[in-house]
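Taking my numbering, the leading residue of the sequence shown gets 11, the next gets one more, and so forth.
By construction, these hints were calculated from the structure, which means they are not laboratory data. All values reported here derive from a predicted model rather than from experimental measurement. C-beta atoms are modelled at their ideal positions from N, C-alpha and C, and glycine is treated no differently. Hints may contain errors.
Unchecked claim - Calculated cross-link-like contacts (lysine-lysine; reagent style DSBU-like; alpha-carbon spacing at most 30 Å):
{"hint": "1", "residue 1": "70", "residue 2": "192"}
{"hint": "2", "residue 1": "127", "residue 2": "139"}
{"hint": "3", "residue 1": "70", "residue 2": "193"}
{"hint": "4", "residue 1": "70", "residue 2": "127"}
To be verified - Derived DEER-like restraints, expressed as beta-carbon distance ranges:
{"hint": "5", "residue 1": "39", "residue 2": "158", "range": "54 to 60 Å"}
{"hint": "6", "residue 1": "177", "residue 2": "99", "range": "14 to 20 Å"}
{"hint": "7", "residue 1": "112", "residue 2": "193", "range": "18 to 24 Å"}
{"hint": "8", "residue 1": "66", "residue 2": "139", "range": "36 to 42 Å"}
{"hint": "9", "residue 1": "112", "residue 2": "57", "range": "30 to 36 Å"}
{"hint": "10", "residue 1": "82", "residue 2": "58", "range": "17 to 23 Å"}
{"hint": "11", "residue 1": "108", "residue 2": "69", "range": "32 to 38 Å"}
{"hint": "12", "residue 1": "166", "residue 2": "56", "range": "29 to 35 Å"}
{"hint": "13", "residue 1": "104", "residue 2": "147", "range": "40 to 46 Å"}
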Amino acid sequence: NNFALAAGVFVHNCGMIASRLRITATHLPDSLTRYLLAIEENVPAGMGNGHREESWSASKFFNENPMPETLGGEAGRNARLQLGSLGSGNHFFELCLDEDDRVWVVLHSGSRGIGNKLAQHHIKIARNKAVEDGLNLEDRDLDYFLQGTLEFEHYVTDLLWSQRYARANRDIMMVAALRELKKQVPFTEVERI
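Work out the full structure, taking the sequences as your base and the hints as a guide.
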């Protein structure tokens, strides 16, 4: 019933979302520049980048999912402004074709560093708890919480919150991407995958 920390990584919320459109490559314009510029305007990308003000979607998310107490101050403000933004690293947005020339919108992103902030908070607690309990672990990255303890419950609560945040982040970006694409290439149906 132990929950082990794995190599210093505690929370990982990256994931992908894809929408298959009922259009093919022949429906796309010769140049996607206007579409890509619209995406850049509506979906902020890059480390630390977010929206200038909290969106309606972000307000709705936070009303339904109150922010963990551990994300106060600047981290909380960033969480509100970065919901619906891409991030950096291996995160991407892609317009692609499948083997039948059908158009897909695909994106990969996570919790915009919020999951990492929560992870660092819980790693510190686990390490301090291990010292308090006199655990002599060979590797400090194997500090853990026992299932059923208050620390474990707080961790799981924050983990599930950051997973909901990451999912909402992807959903909001997908809606923005499809809205902008529809302005460039009219289509009627989307299959969420």
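Hints, one by one, checked against the model:
1. Straight-line distance between C-alpha atoms of residue 70 and residue 192 comes to about 24 Å, which keeps the hinted pair within the 30 Å bound.
2. At most 30 Å may separate the alpha-carbon atoms for a hinted pair to count; residue 127 and residue 139 meet this at roughly 19 Å.
3. Only pairs whose Cα atoms come within 30 Å are accepted, and residue 70 paired with residue 193 is accepted, the gap being roughly 25 Å.
4. A C-alpha spacing of about 22 Å is found between residue 70 and residue 127, which places the hinted pair at or below 30 Å, so the restraint holds.
5. Taking 54 to 60 Å as the suggested C-beta distance range, the pair residue 39 and residue 158 conforms, at roughly 58 Å.
6. Our hint of 14 to 20 Å for residue 177 and residue 99 holds, since their Cβ atoms are close to 18 Å apart.
7. A beta carbon spacing of about 20 Å between residue 112 and residue 193 agrees with the range 18 to 24 Å that was offered as a hint.
8. Distance hint for residue 66 and residue 139: a CB-CB separation of about 40 Å, consistent with the stated range 36 to 42 Å.
9. For residue 112 paired with residue 57, a C-beta distance near 33 Å keeps the hint of 30 to 36 Å intact.
10. Here the CB-CB span from residue 82 to residue 58 is close to 18 Å, well matched to the stated 17 to 23 Å.
11. A hinted range of 32 to 38 Å holds for the C-beta pair residue 108 and residue 69, which are about 36 Å apart.
12. Roughly 31 Å separates the CB atoms of residue 166 and residue 56, a value that falls within the hinted 29 to 35 Å.
13. Between residue 104 and residue 147 the beta carbons are some 42 Å apart, a value that agrees with the proposed interval 40 to 46 Å.
Every hint, counting from the list given before, is met by this structure.
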